[in-house]
Amino acid sequence: MAYYLGIDSSTQSMKGLVIDPAAGAVVGAAGVNFTADLPQYNCPDGVLAHPDPLVKHADPLMWLAALDLLLERLRAAGVEMGKIAAVGGDGQQHGSVYLNGRFAETLAGLDPAGTLAGQLKAALARPTSPIWMDSSTSVECRALDAAFGARLQADTGSPAIERFTGPQIRKFAREEPERYAQTARVHLVSSFLCSVLAGRDAPIDAGDGAGMNLLNLRTMAWDAAVAEFTAPGLLEKLPKVGKGVAGGLHPYFAKYGLRAGIPVAVWTGDNPASLVGTGAWGAGVAVVSLGTSDTFFAALDTFRTDPEGCGHVFGNPAGGFMSLACFKNGSLARDRVRQEAGAGWAFFDTTAFELTAAGNGGRLALPWFVPEITPPVLEPGLRANFDFAAAEPAVRIRAAVEGQALALRSHALWIGSFGTIRVTGGASKSPGIRQTLADVFQARVESIAVADSAALGAAMLAAHAEGVPLAAMTERFSPVTAVCEPRAENAAVYTALLPAVQALEKQAPLG
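Numbering-wise, the working numbering comes out as the position in the sequence shown, counting from 1, plus 1.
For the record, the hints were derived by calculation from the structure and aren't laboratory data. Keep in mind the model is a prediction, meaning the values are calculated, not measured. There's no promise every hint is true.
No more than 25 Å apart at the CA atoms, straight line, and that leaves these computed lysine to any residue pairs for SDA-like [stated by the list, open to error]:
no., residue 1, residue 2
1, K238, K256
2, K256, H51
3, K84, M2
4, K430, A347
5, K122, G25
6, K241, K256
7, K244, D156
8, K84, R103
9, K507, R337
10, K430, E490
11, K430, G25
12, K122, R180
13, K430, D46
14, K256, A31
15, K507, P264
16, K241, R337
FRET-style restraints, in silico, Cβ to Cβ [what the hints assert, rightly or not]:
no., residue 1, residue 2, range
17, A473, L356, 44 to 52 Å
18, V140, D336, 45 to 53 Å
19, A483, P52, 52 to 60 Å
20, F304, S448, 37 to 45 Å
Cβ coordinates follow ideal geometry from the N, Cα and C atoms, glycine included.
Kindly produce the complete structure, drawing on both the sequences and the hints.
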């Protein structure tokens with residue numbers, strides 16, 4: 002029986018999932034929490050402290066240390082590592098890693114007696130990596146918009162976006178030209194870690210590459226004009242665009258019981274991987290992922306872009322395209338609302354919704370504690386249409402959850418109408434959030450067996466690269482475990498509140 006390993010390198014943690022497609026079973030799992038397990042990298046919640054709240058970077062050496070620790074934990078957990086036939090993975094989208102001319106040589110010569118972080122430190126042209134939470138590139142975005150106008154969104158799937166990799170590269174080249182000149186290769190988080198596993202330069206796949214403002218989705222190649230405008234000589238610094246297998250596993254990883262030379266599938270982004278892991282890679286089913294960020298995504302039946310410029314189009318790892326709307330204030334914002342209300346999780350997830358009615362008497366809140374990206378708002382702060390601080394805890398909790406759900410619906414209208422929504426991510430376990438989503442969207446909300454949908458999708462893509470059909474794996478690994486049916490009596494309540502949440506998005510923060 003062949004096993005397949007999927008690795009999900011997300012904002013706050015790295016997870017590994019080992020599947021047996023023939024048996025339809027998950028045979029092993031492990032995780033590394035960056036805050037708890039790797040405190041020496043000073044990245045609580047996966048982010049380095051910075052005096053500018055718009056700047057959000059991480060230490061790429063932390064991701065390497067996590068990869069070593071994850072594989073050791075899988076081995077220690079009793080996973081028969083020698084049965085793993087291929088490895089796949091995904092990374093948090095948009096994050097970038099900058100490597101110098103020593104990168105290729107260092108990769109090829111990785112010594113199992115050392116650590117990944119220790120050996121690759123000298124190959125970094127830039128010590129930190131901007132990640133998807135960064136909002137510091139407004140100047141660069143406006144320059145790209147001025148140079149390319151509507152063509153940028155029409156061809157790359159998105160207008161210039163602060164967190165996207167192209168504007169981040171442009172800022173780096175402008176502010177640190179010497180380090181940019183020393184950069185021989187710019188990788189995404191996904192292609193960087195894939196390169197490490199394969200011991201050679203790995204390609205960037207279209208699912209993750211589309212989150213850069215650099216990939217022309219009509220040609221599936223880097224847009225030469227946009228790349229050259231972004232930074233001088235950038236085209237030569239980018240990996241190729243590709244799919245399938247990046248190479249064979251480097252012998253370094255044999256120390257964890259893995260067989261050297263097994264295929265390493267080209268990694269994708271975490272959202273495209275979740276599209277596969279939730280079984281929504283075909284048209285007709287949407288996904289709401291409730292994690293550090295909240296995202297709404299679905300396979301697209303035809304190529305189209307968001308007329309408001311907030312949503313994005315990425316490549317679908319299963320073929321074609323996918324749409325996505327991302328909201329930066331997700332689970333961390335909900336947790337802050339919970340803590341400030343003095344509530345436990347049982348109260349937040351269930352009791353608050355039993356004590357309040359759908360629609361909350363029209364009281365809504367948007368907990369934008371960090372700059373938001375859908376819609377793009379750089380001034381953080383909670384927005385509410387009532388005296389939030391004076392309200393009862395249950396009212397505050399429902400106001401925030403309903404505000405977030407209505408914002409999801411409002412900004413997903415361009416994608417389409419869906420009768421079924423699958424939920425994933427840590428907050429998908431909340432009964433109150435699930436029922437709110439069902440009522441706001443008037444759609445059947447389904448939970449699936451595996452909560453770590455990105456890691457599952459990565460494992461499925463590893464197996465698919467070896468010829469295992471995605472459809473068969475979807476039936477085995479993505480069964481529905483719980484269903485929330487929409488309550489028809491609440492349809493009019495939430496439709497009437499859509500203009501209210503749209504008005505709230507334009508409101509100044511409280512306090």
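For each hint, the structure was consulted:
Restraint check for K238 and K256: not satisfied, since their Cα atoms lie roughly 32 Å apart, outside the 25 Å limit. For the proposed pair K256 and H51, the alpha carbon gap of about 37 Å is over 25 Å, so the pair is violated. A hinted pair counts as satisfied when its Cα atoms are at most 25 Å apart, and K84 with M2 qualifies at roughly 7 Å. The straight-line distance between the Cα atoms of K430 and A347 is roughly 11 Å, inside the 25 Å bound, and the hint therefore holds.
Taken as a hint, the K122 and G25 pair is broken in the structure, with Cα atoms around 39 Å apart against an allowance of 25 Å. A threshold of 25 Å between alpha carbons decides the hint, and for K241 with K256 the separation of about 30 Å lies outside it, so the pair is violated. A C-alpha spacing of about 20 Å is found between K244 and D156, which places the hinted pair at or below 25 Å, so the restraint holds. Using a Cα cut-off of 25 Å, the hinted pair K84 and R103 is violated, with the two alpha carbons roughly 33 Å apart.
Pair hint K507 plus R337 holds up; C-alpha atoms about 22 Å apart against a cutoff of 25 Å. Proposed proximity of K430 and E490 is supported: the alpha carbons are some 24 Å apart, at most 25 Å. Among the hinted pairs, K430 with G25 is consistent with the structure: their alpha-carbon atoms are about 23 Å apart, no more than 25 Å. The suggested pairing of K122 with R180 holds, with an alpha-carbon distance near 15 Å, which does not exceed 25 Å.
Under the criterion of a C-alpha separation no larger than 25 Å, the hint pairing K430 with D46 is consistent with the structure, at around 20 Å. Proposed proximity of K256 and A31 is supported: the alpha carbons are some 17 Å apart, at most 25 Å. For the hint pairing K507 with P264, the CA-to-CA distance comes to about 49 Å; that exceeds 25 Å, so the pair is violated. As the CA atoms of K241 and R337 are separated by approximately 41 Å, the hinted pair breaks the 25 Å bound.
With their beta carbons about 45 Å apart, A473 and L356 fall inside the hinted range of 44 to 52 Å. A hinted range of 45 to 53 Å for the beta carbons of V140 and D336 is inconsistent with their spacing of about 32 Å. At roughly 44 Å, the beta carbons of A483 and P52 sit outside the given window of 52 to 60 Å. Range check, F304 to S448: about 30 Å between beta-carbon atoms, so the 37 to 45 Å window is missed.
The structure fails hints 1, 2, 5, 6, 8, 15, 16, 18, 19 and 20 (numbered hints given earlier, in ascending order).
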